[in-house]
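Asker: Each protein sequence line maps, in turn, to chains A and B.
In terms of our numbering, the first sequence is residues -19 to 207.
In terms of our numbering, the second sequence is residues 865 to 1020.
Just so you know, the hints here were simulated from the structure itself, not pulled from any lab data.
A couple of the hints might just be wrong.
Over 10 Å on every C-beta distance to chain A, these chain B residues come out as not near it, computed from the model [what the hints assert, rightly or not]:
#1 R879
#2 E887
#3 S888
#4 R901
#5 K909
#6 L928
#7 R939
#8 R941
#9 G945
#10 D965
#11 E983
#12 I998
#13 V1019
Here are the computed distance ranges between Cβ atoms for each label pair [said to hold, decoys possible]:
#14 B:G945 x A:L40: 41 to 49 Å
#15 A:G170 x B:L881: 43 to 51 Å
#16 B:M865 x A:E110: 35 to 43 Å
#17 A:K2 x B:S888: 26 to 34 Å
#18 A:R9 x B:D982: 50 to 58 Å
Ideal Cβ positions, reconstructed from N, Cα and C, are used throughout, including at glycine.
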Amino acid sequence: MTTPTSRPDPRPAVTMSVGRDKHSHYSYRDFFRFNREQGTIIDWNNTQNLLLSEDFIVGLQTGLEREVGDASAAVMYTIGIDWGKRDAAHFSQWYEREYGVGVKQSNLLFLLETWWWPFTAQGWGKWEVETESKQKGFLFINLFDSMVARTLGDVGKPVCHLYAGLFAGFFTTMTSKELSCIEIQCYAMGETYCKFLLGGQERIDAANFWISEGASAREIARRLHQE
Amino acid sequence: MNSMFAELLQNAEGRYLHPDELESLRAYVEGIPKRVRIYQVLHSKESVLLDRVMEKFQPTLPHLTRRHGILAWERCRRDLGMVWRYCCMAMLLNDEDYLRDKLLYWLETILKSFKMRDECRPAYKLMLDSLASIFTAEESEIIRPYLLLAKTMLVG
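With the rest of the complex left out, here is chain A:
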């Protein structure tokens, strides 16, 4: 988990082998700064990081399910949306600082890769965005090695609601359009990777209905492309 911090950037006090203009700064030693005196882990974008165990993720999930039952998915999704919206604002700032150009003036795919790289470095998994359908108002996101699904194992249902919310919140803020997201395939269902559909609420509702009828991610993609 990460949150922006108002602490001053501690890096000037640390001997830097590389300058701030280095963009490929996602190796473990480059991206994180461990401050033993303060007990903090600050990353390249001046964000506070916490190290969490898999037990924490399992505890969070099972504890939430015990408290609110099936609504736990919606709770995680809502948390994700809020996180994504906040992160979009934070990202816009550091992106402009790093590349000297605003997010609206940038190549879309480069922008998205740049947004996701800190998540990759933090262990949230690698991703791949399929933008072929963006003119139709939706796109797919493939997530490899989801932290949540990998931890919870094969439970037979989608579990990456936090990610779905994160994508919905981030893209909603960046595009200024109300977007939703649903996980249509999950590693926790025995698949090799997780797949998300991002789009307007009507499409997400339709996908949700198809899933409840047993449709696979491939069938959902086919139906959406036929629209």
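Assemble chain B onto chain A, guided by the hints.
Answerer: Coordinates of chain B only, in the frame set by chain A:
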């Protein structure tokens, strides 16, 4: 520091190194003078290599600046030079992980995002093909695995 060497020291904390560990350490240290010497050659001939590559690469993409702007060739040379320098450092350290962690994992996704893998592929092939005509056999063979790794990950 070589990542395997660093891990070795970490794992051996509080005990003596095993004979095989000492042997790999000895081999690494004994190889350093040669690697330093070759590193200096690779450094000194960087511009010769890049000139050769650009000279042959540019005619294959006559419309590059129309698609990617007037700075496209300058950026192309800059990026090829950057990859070369990381390859040289990885060779010096005898450490492919350095190359992957510091550059390739990131640059791979960036090239994909710009959909430039196909366009860039000939440049990396030209770099590999040019080694033999610029460097000695020993120099070429020691840097080739790193350049090949870069080519494979970045452009397939």
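Asker: Going back to the hint list, which numbers does this structure go against?
Answerer: 10, 18
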